[in-house]
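Enquirer: Sequence order for the protein chains is A and B. The opening position of the first sequence corresponds to residue 1 in this note's numbering, with each subsequent residue numbered one higher. The opening position of the second sequence corresponds to residue 1 in this note's numbering, with each subsequent residue numbered one higher.
Quick caveat, the hints were computed from the structure, so don't treat them as lab data. These figures come from a predicted structure and were not determined experimentally. Check before you lean on any hint, since a few could be wrong.
Pairs count within a copy or across copies, as identical chains cannot be separated in the list.
[Claimed, not checked] No more than 30 Å apart at the CA atoms, straight line, and that leaves these computed lysine-lysine pairs for DSSO-like:
1. K74 with K125
2. K59 with K122
3. K74 with K59
4. K64 with K122
5. K59 with K111
6. K78 with K125
7. K64 with K120
8. K111 with K74
9. K74 with K64
10. K122 with K69
There are 2 protein chains.
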Amino acid sequence: MSDWKQPDKGVTESHGQYISAIYRHMQILISAELAPYRIGSGQYIFLMAIAIQQPITQKALSEKLLIDKTTTAKAITKLEAEGYVRREADPTDNRYQLLYLTESGREVVPKVQEALSRVKNKTRKGITDEEYDLLVDLLRTVLRNLSEQEEMKR
Amino acid sequence: MSDWKQPDKGVTESHGQYISAIYRHMQILISAELAPYRIGSGQYIFLMAIAIQQPITQKALSEKLLIDKTTTAKAITKLEAEGYVRREADPTDNRYQLLYLTESGREVVPKVQEALSRVKNKTRKGITDEEYDLLVDLLRTVLRNLSEQEEMKR
Numbered sequence: 001m002s003d004w005k006q007p008d009k010g011v012t013e014s015h016g017q018y019i020s021a022i023y024r025h026m027q028i029l030i031s032a033e034l035a036p037y038r039i040g041s042g043q044y045i046f047l048m049a050i051a052i053q054q055p056i057t058q059k060a061l062s063e064k065l066l067i068d069k070t071t072t073a074k075a076i077t078k079l080e081a082e083g084y085v086r087r088e089a090d091p092t093d094n095r096y097q098l099l100y101l102t103e104s105g106r107e108v109v110p111k112v113q114e115a116l117s118r119v120k121n122k123t124r125k126g127i128t129d130e131e132y133d134l135l136v137d138l139l140r141t142v143l144r145n146l147s148e149q150e151e152m153k154r
Numbered sequence: 001m002s003d004w005k006q007p008d009k010g011v012t013e014s015h016g017q018y019i020s021a022i023y024r025h026m027q028i029l030i031s032a033e034l035a036p037y038r039i040g041s042g043q044y045i046f047l048m049a050i051a052i053q054q055p056i057t058q059k060a061l062s063e064k065l066l067i068d069k070t071t072t073a074k075a076i077t078k079l080e081a082e083g084y085v086r087r088e089a090d091p092t093d094n095r096y097q098l099l100y101l102t103e104s105g106r107e108v109v110p111k112v113q114e115a116l117s118r119v120k121n122k123t124r125k126g127i128t129d130e131e132y133d134l135l136v137d138l139l140r141t142v143l144r145n146l147s148e149q150e151e152m153k154r
């Protein structure tokens, strides 16, 4: 009964189908792991990005993560409501707001990282360290190719 | 200016971050490729799944693709409005509706496949056939691990 989760072989098998399926599966597992912190699968990526890049504007965050403005705004509102993120006027230009982690935000980040690591480790079963490094390298190449494609279209 | 699209190295680099970023990039490229057919990046996966598995109910489609009911219903409504998909009462149980491709649907499928292949080929640049096969194998392992995780939780 579990083979239906695999993309259909032979027809159009490609990394793209696997990536879509893996993405959706991971979002489901991550949701479950982060439920105790009331952080959804659509929000953790913003929390982690703010942790690394704060202070950052909502616009820059949306562009860096390639996630549209509306989705970004909703995620930030949710993270703010949960007390993990706060907004502050940009001292250099008060038309803009900068996003920061709150103290609760700083406290929850390592827990989110541990949860993400748990999901990561579960998905690595049967893959050696060498294979894993190669997988990450190949994915990095795919991502670079995609970034270049988009730049060519601009 | 393009390195901001890469996940931050060192901090929490993992295949999961690459997969999320690749997934979002691919959705953007696929959207652009499929715009002439008025098929969105959220819809082609349903069109292709119906092509392979028709006749299929909306519920089964949602379960197979791991996409929630509401998103599935919206995508099917859109594909139906564009004339690519039709619903028909299940002859064995008329409480259920089965989804089929229309003639336009059957005609557009090879064009969608070509568009997906174009995206796939663009992302393979600099990856040899051997490396690509290994990438697909490793992704298949990751997906199988994820499927097993979910079954354990049931």
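Enquirer: Against this structure, judge whether each hint is valid.
Expert: How the hints compare with the structure:
In the homo-oligomer, the alpha carbons of K74 and K125 never lie at most 30 Å apart, since the shortest distance is 35 Å inside one protomer and 36 Å across protomers. In this assembly of identical chains, K59 and K122 lie within 30 Å of each other by CA distance solely across copies; the values are 28 Å between and 34 Å within a copy. In the homo-oligomer, the alpha carbons of K74 and K59 lie at most 30 Å apart both inside one protomer (13 Å) and across protomers (28 Å), since each shortest distance falls under that limit. When the C-alpha separation of K64 and K122 is checked against a cutoff of 30 Å, the pair qualifies both within a copy, at 28 Å, and between copies, at 22 Å.
Taking identical chains as interchangeable, the C-alpha atoms of K59 and K111 lie at most 30 Å apart only when both belong to the same chain, with a minimum of 26 Å there against 35 Å between chains. For a Cα distance limit of 30 Å, the shortest separation of K78 from K125 qualifies neither inside one copy, at 34 Å, nor across copies, at 39 Å. When the C-alpha separation of K64 and K120 is checked against a cutoff of 30 Å, the pair qualifies both within a copy, at 23 Å, and between copies, at 23 Å. Taking CA atoms no more than 30 Å apart as the test, K111 paired with K74 passes inside one copy only; the shortest distance there is 22 Å, against 35 Å between copies.
Taking the shortest alpha-carbon separations for K74 and K64, both the intra-copy value of 16 Å and the inter-copy value of 28 Å come in at or below 30 Å. For a Cα distance limit of 30 Å, the shortest separation of K122 from K69 across copies, 27 Å, qualifies, whereas the shortest one inside one copy, 32 Å, does not.
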